[in-house]
Structure formats: C-alpha cells, structure tokens
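Number of protein chains: 2
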Amino acid sequence: MDTILIVGYIAGTLTTISFIPQVARAWKMKETRDLSLAMLVLFAVGVLLWTVYGFWVSSLPVIAANMITFLLILVLLFLKFRYK
Amino acid sequence: MDTILIVGYIAGTLTTISFIPQVARAWKMKETRDLSLAMLVLFAVGVLLWTVYGFWVSSLPVIAANMITFLLILVLLFLKFRYK
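Heads up: the protein sequence lines correspond to chains A and B, in order. All residue numbers in the first sequence are consecutive under the working numbering, ending with 84. All residue numbers in the second sequence are consecutive under the working numbering, ending with 84.
Be careful, since some hints might not be right.
Across the chosen pairs, the derived CB separations fall in these ranges [stated by the list, open to error]:
1) A/V41 <-> B/S59: 25 to 33 Å
2) A/M29 <-> B/K30: 13 to 21 Å
3) A/M29 <-> B/L5: 39 to 47 Å
4) B/S58 <-> A/K30: 45 to 53 Å
5) A/K28 <-> B/L5: 35 to 43 Å
6) A/P61 <-> B/M1: 38 to 46 Å
7) A/A64 <-> B/A64: 21 to 29 Å
Keep in mind that the hints were calculated from the coordinates and are not lab data. Quantities reported herein were computed from a predicted structural model and do not represent experimental measurements. Ideal Cβ placement from N, Cα and C applies to all residues, glycine included.
Given these sequences and hints, build the entire structure.
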C-alpha cells in the first residue's frame, strides 16, 4: 500500500477513536458541563455530511469513519442532556 | 460546482469551526475538567497526519481545514493544562 494511504488510514482511525475516551470520561464522571453543546451539534452535522459525501463517492473508509464518529457524538449529546 | 463538492466543503467547514465554540467555552469558563486529555491528544495527532496527507495529495481544503483544527486543539490542550 502507498505510504500516504497508510498515513490517511492512521489519521482517520485516530480522529475517529479519539471520541471513545471522551465518551468513557463523560459516562464515568457523569459530567459534561465543560463540553460545548454547539461543538457537539456542529460536529454531528459535519460528520453526517461527510458520511453522505462518502456514500456519494463510494468511499468505504470515509463512510465507516464518519458513521462511527457520528454514533459516538450522538452518545455524547445524550450524555450532555442527561448530565447537564 | 458539483453538489457533492459543496456537501464536502460544508462538512469540512462544520467539523473545523465546531471547535471554536469549545475553545470559547473553555476560555470563558476557565474549566476543562470534562474534556478528555486522551481525546485532545489523539485528535491533535490525527489532524496533524491529515495535514501531512493534504500536503502529499496537494489538497488545499484538506490542508486548510486540518491546520485550523490543529491550532484550535492546541489552544484546548493549553487550556486543559492551565485550568485542570
């Protein structure tokens, strides 16, 4: 595989999995006060549009990374409203 | 311009600017406790690699979006250590 494709896959994996420790922290601490609601909403709409883009250009990595990120952001939004 | 390109640009703009309200909140509230340090570090490395990827494939939108996001995450990391 091209080096640059590997860089792209690592980049996509990192920006996707980065929300896992954030979900874990909010879940465990039952605290989401310092998370910006505007950030979560803008990011959710953004990754949803990236998913649409991914389907349109038939890019499985783009679809997969953004769908997973979208689900993690949905969990954060749920926790934000539950523990505000 | 193609509809799908517009969708991509809107998506990139949203996921980039989403960190502005988060920086504003952390700055104003002087509180970053609920932000996961692991999330910030993984995301910072991820967007840095996306920037490398952008330079490699000569994609100005990828470079611009990820450099701006990287700077915003750096500010959040700084605030995380300042107001922990």
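Hint by hint, here is what the structure shows:
1. The beta-carbon spacing between A/V41 and B/S59, approximately 27 Å, falls within the hinted interval of 25 to 33 Å.
2. At about 18 Å, the beta-carbon gap between A/M29 and B/K30 stays in the expected band of 13 to 21 Å.
3. The supplied range of 39 to 47 Å is met by A/M29 and B/L5, whose beta-carbon atoms lie about 41 Å from each other.
4. A C-beta distance of roughly 46 Å is found between B/S58 and A/K30, which places it inside the suggested range of 45 to 53 Å.
5. A/K28 and B/L5 have their C-beta atoms about 41 Å apart, which keeps the hinted 35 to 43 Å range intact.
6. Between A/P61 and B/M1 the Cβ separation comes to about 24 Å, which falls outside the hinted range of 38 to 46 Å.
7. The supplied range of 21 to 29 Å is met by A/A64 and B/A64, whose beta-carbon atoms lie about 24 Å from each other.
In this structure, only the earlier hint numbered 6 is contradicted, and the remaining ones agree with it.
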